[in-house]
Amino acid sequence: MLNNIAAAIASAASPMTLLLLIVGTGAGILIGAMPGLSVNMGIALLYPLTFAFDGVQGIIMLLGVYCGAIYGGSISAILLNTPGTPASAATTLDGYPMANKMGQPGRALGLSTMGSMFGGVFSAICLMIFAPQLAKVALTFSKAEYFALALFGISIITSVSSGSVLKGLMGGALGLFIGTIGIDAMTGKMRFTFDSTYLIGGISFIPVLIGVFAFSQVLSSVESCYDEKYEKKDVKIDRVFPPFSDLKRVMVTLFRSSLIGTFIGCIPGTGGDISSFICYDQAKKWSKYKENFGNGEPEGIVAPESGNNAVSGGAMIPMLTLGIPGDGATAILLGALMVQGIAPGPLLFTNQPMQVYTIFLGLLLANIVMGCFGFSLIRVFSRVVNVPKEILIPVIFMMTFVGTYSYNHSMTDVYVMVFFGILGYFMNKTQFSMSAIILGIILGGTAEQNFSGALMMSKGSFSIFFTRPICLIFLLISVLSLMSPLYGQTVKKIWKNRKENRKG
Amino acid sequence: MVNMKKCNYVISAVAAVLGVAIWALSAGLGIGFKEEGGISAGTWPAITGGIMVGAALILLVMTLVNRKKYEEMEVVLGLPANRRVYLVMGIMVVYCLLLNVLGLYISGLILIPALMWVLGERNKKKTAIVTVVALAAIYVIFSLILGTKLPEPFFM
Amino acid sequence: MCKKITAVLLSIVLGAALLTGCGAKGAYPSDDIEVIVPKGAGGGTDTSTRGLLTYMEKNFEGAKFNVTNNPDGGGITGMVQTAEADPDGYVLGAVTVELDMFCFQGKTELTYESFDAIAMPIGAPAALIVQADAPYNSIDEFVAYCQENPGAVQVGNSGAGAIWDIATYLVEQEYGITVSHIPYPNGTADIAAAITGGHIDATLADPSSFMTQIEAGTLKCLGVMSEDRMTLLPEVPTFKEEGHDLVVRAWAALVAPKGLDEESLTALRNAAKAAMESEECKEYFLSQGIEPLDYIGDDAYQVMADDYEMYKKVFETIEFAE
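Going down the list, the sequences are from chains A, B and C.
Under the working numbering, read the first sequence as residues 1288 to 1791, first letter to last.
Under the working numbering, read the second sequence as residues 105 to 260, first letter to last.
Under the working numbering, read the third sequence as residues 4 to 325, first letter to last.
The hints are simulated quantities; they were obtained by calculation from the structure and are not laboratory data.
There could be a bad hint or two in this list.
[Claimed, not checked] Dumping the calculated PhoX-like pairs for lysine-lysine here, alpha-carbon to alpha-carbon at most 20 Å: (1) B:K138 x A:K1746; (2) B:K173 x A:K1716; (3) A:K1676 x B:K228; (4) A:K1575 x A:K1786; (5) A:K1676 x B:K230; (6) A:K1716 x B:K109; (7) A:K1676 x A:K1388.
It should be emphasised that the depicted structure is a prediction, and the values quoted were computed from it without experimental measurement.
Turn these sequences into a full structure, and let the hints guide you.
Dropping the structure here:
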């Protein structure tokens, strides 16, 4: 076994591999930072390059793209309030206020980079140690559990609605409805398509995301920069790595979010977007600084970022141990491995241990390289806040159009983006939460399909939801989470009284 | 002067209408549970419609009860700053239409200077440089490196 | 002076943009060719199309293919996009077997007649896959079990009304059994997870997502709905052999919008032929768990036409659950 590890280290740490890794991670970060370019697109783009390299080297480059892209989304999320990938939508909630209102873009970027790197490394280590066990857990998830998990995700709407909870619910319902447009895969029927070919495909998610976050945000900037004198903000950053005080504050959140992210990653079909919101919500619930969330709370940045990068290691678990890809990116990785003669599945660990160790090391290195990239570029990226608005705003507008069009080459997507952008502008003014809408769109389909499917499997009996332990647990957590605004105040009062009684 | 109270009324009305419309359309798809398990196609949309109607009603009630509080919250919609936003929105819609006809680069040549002018930039040289650099960057990244197709003029 | 420089720069950019737009068209292909794949990245259609294109590039001077994925609506939007594109040879697409089905389900007016076929690299048959420790070891034993337990056996598919669901209905009709249809809209990977985890009993689907489990011995394949036995699963009998003529394959074909000129079409077909006959291409396909086919041009078109007729009959005779 030691031979294998030694050989793996030699292969993973060879100069060629490291070079490929740097190229891949760099490309990944850039692709992630640009709204409209997705992780899957980046991996699919660089995939043909892997044919030129033997063995696992090309795969490691793709791993770099994978990790880099998930991290890259946070850069535009923090600096421009525009998630570069759906997985960074939650990072805008506290990342942008810290960069903008508090004027600390460097600190925000530093926290996000550290969170991403920690989450990625944590999940890579979990992959190495617990892969077979976690794979077994992944297999126990059936439709009832997926429904309960999706319901839990939807219940987070009440938590991310920084404005009015009621309007958050309305926005969430709107998102859920948008998710139903198109062909219902469970019955084969067409819903709300009004004979339009575009609508049969459903309203694409990315244009709505870009519209609701980027476009509406830049419209708000047009308003806020009226009569604003150009002030060059002092963004001198003495240290890119977060200070010890910050580290202490977020330590628990780091571990919790990485754990949640790894777990969610290893469940096939769930990804960084769900994970980041759940981690944000949990961080908020357990934090001492609840009220600060939404105003630039460090925990609010670290939680979603470590949560979404931890998914990378988790998603590799079912892919490697069972040969079952969890999402589009891992599906391409699976194909890339098979081309090189590496056969993921139950026999992988016994037949090809050296390749497995190399992949593990590759993932670990990918996250470390990503962290290094991130920290070294923080100084450069923070300068973006000093770009005069007259230049920045038109450029971002162009970016939204180009990004939306390059997603599916559809002009209708662009119209959808503009529509939701304008709608989002007015909704933001009236205290709606854009994250609620996005959560609805992401999770609506999963919730409905698994609810319906679970009932199909149980022949219409609801007991399926209450007799399966994991499902029951998630259902209870969802209900508690949905109701939290109602009893949140009472619980706080009880705690306060207890504290005072103890003091007295 | 627009205050939150008026906005809430409008929002409640729109949400309620939308919710009811969704109900009506979902009814055509069938609401309820199927015999051998599973739900009909219209059930889940009907639930979302229901949430919307419910939230709209609660919002209406809350706004009525807390009239004073909401009246005091101002929603800024009429300042010159906002008018500039509406102008930009108009430009964007026009740009969408132009994209189809003139393609990305030519429309961009019109859009970027137009936006910069609206935002107060009067330095022609700066405008020109930003336009050229932005379009060149888009060309390099999207056309050359990524090879994605961008909207083309109808006469090409 | 600066003004002049800016003017020059502007005209260079404008000129370059116009030129790329016009695509100074010389010999075909003189520009990148866009290929629209109506399925998500990483699936069978996407993998086989990209694979074919990679090997076609090697056999076709100057060709560069750019693949975009448009999986919305089960692939309708992507296929419609291809059909509506200019038949100038710079937009191609992949179409899948669903093309022959959607027109009967009221989802679109589009049929295979809107396309000129180039090649068909993949035609994955429906394979009956069950857990390794299941009490049945052949198609007939499975059918017998289903007859004793009507409606109890849960068979996974990739969506109500989609191809694997139809394969299940065909089996029910042919053998006179009833099973429970459980849709997994996110694809065969989810079905693989569900069977391996023991949540459903069987599936009739493309075997490529299950190969790793079959080889590891956790799942077994009882039969395939193809013309001949698969190279990947040589011990598995076809339904035809067992006396029931059921051939259901999820094919994907590389096509061009109808009206492409003879010369370019022939050039593409030749490149595809050379690609599919090369050993490297076949090896690549096998490594991905895909059985390589070699239908070119008119052969591919014939398959599309045959399946169109078959599904026409299917949708007229089979009653789908409402």
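Here is how each hint holds up against the structure:
Pair hint K138 of chain B plus K1746 of chain A holds up; C-alpha atoms about 9 Å apart against a cutoff of 20 Å. Between the alpha carbons of K173 of chain B and K1716 of chain A the distance comes to roughly 17 Å, so the proposed pair stays at or under 20 Å and holds. For the proposed pair K1676 of chain A and K228 of chain B, the alpha carbon gap of about 16 Å is at most 20 Å, so the pair holds. Distance hint between K1575 of chain A and K1786 of chain A is fulfilled; the C-alpha atoms sit about 15 Å from each other, no more than 20 Å.
Among the hinted pairs, K1676 of chain A with K230 of chain B is consistent with the structure: their alpha-carbon atoms are about 13 Å apart, no more than 20 Å. Our distance criterion of 20 Å between C-alpha atoms is met by K1716 of chain A and K109 of chain B, whose separation comes to about 13 Å. Proposed proximity of K1676 of chain A and K1388 of chain A is supported: the alpha carbons are some 16 Å apart, at most 20 Å.
Hint compliance for this structure: every hint is met.
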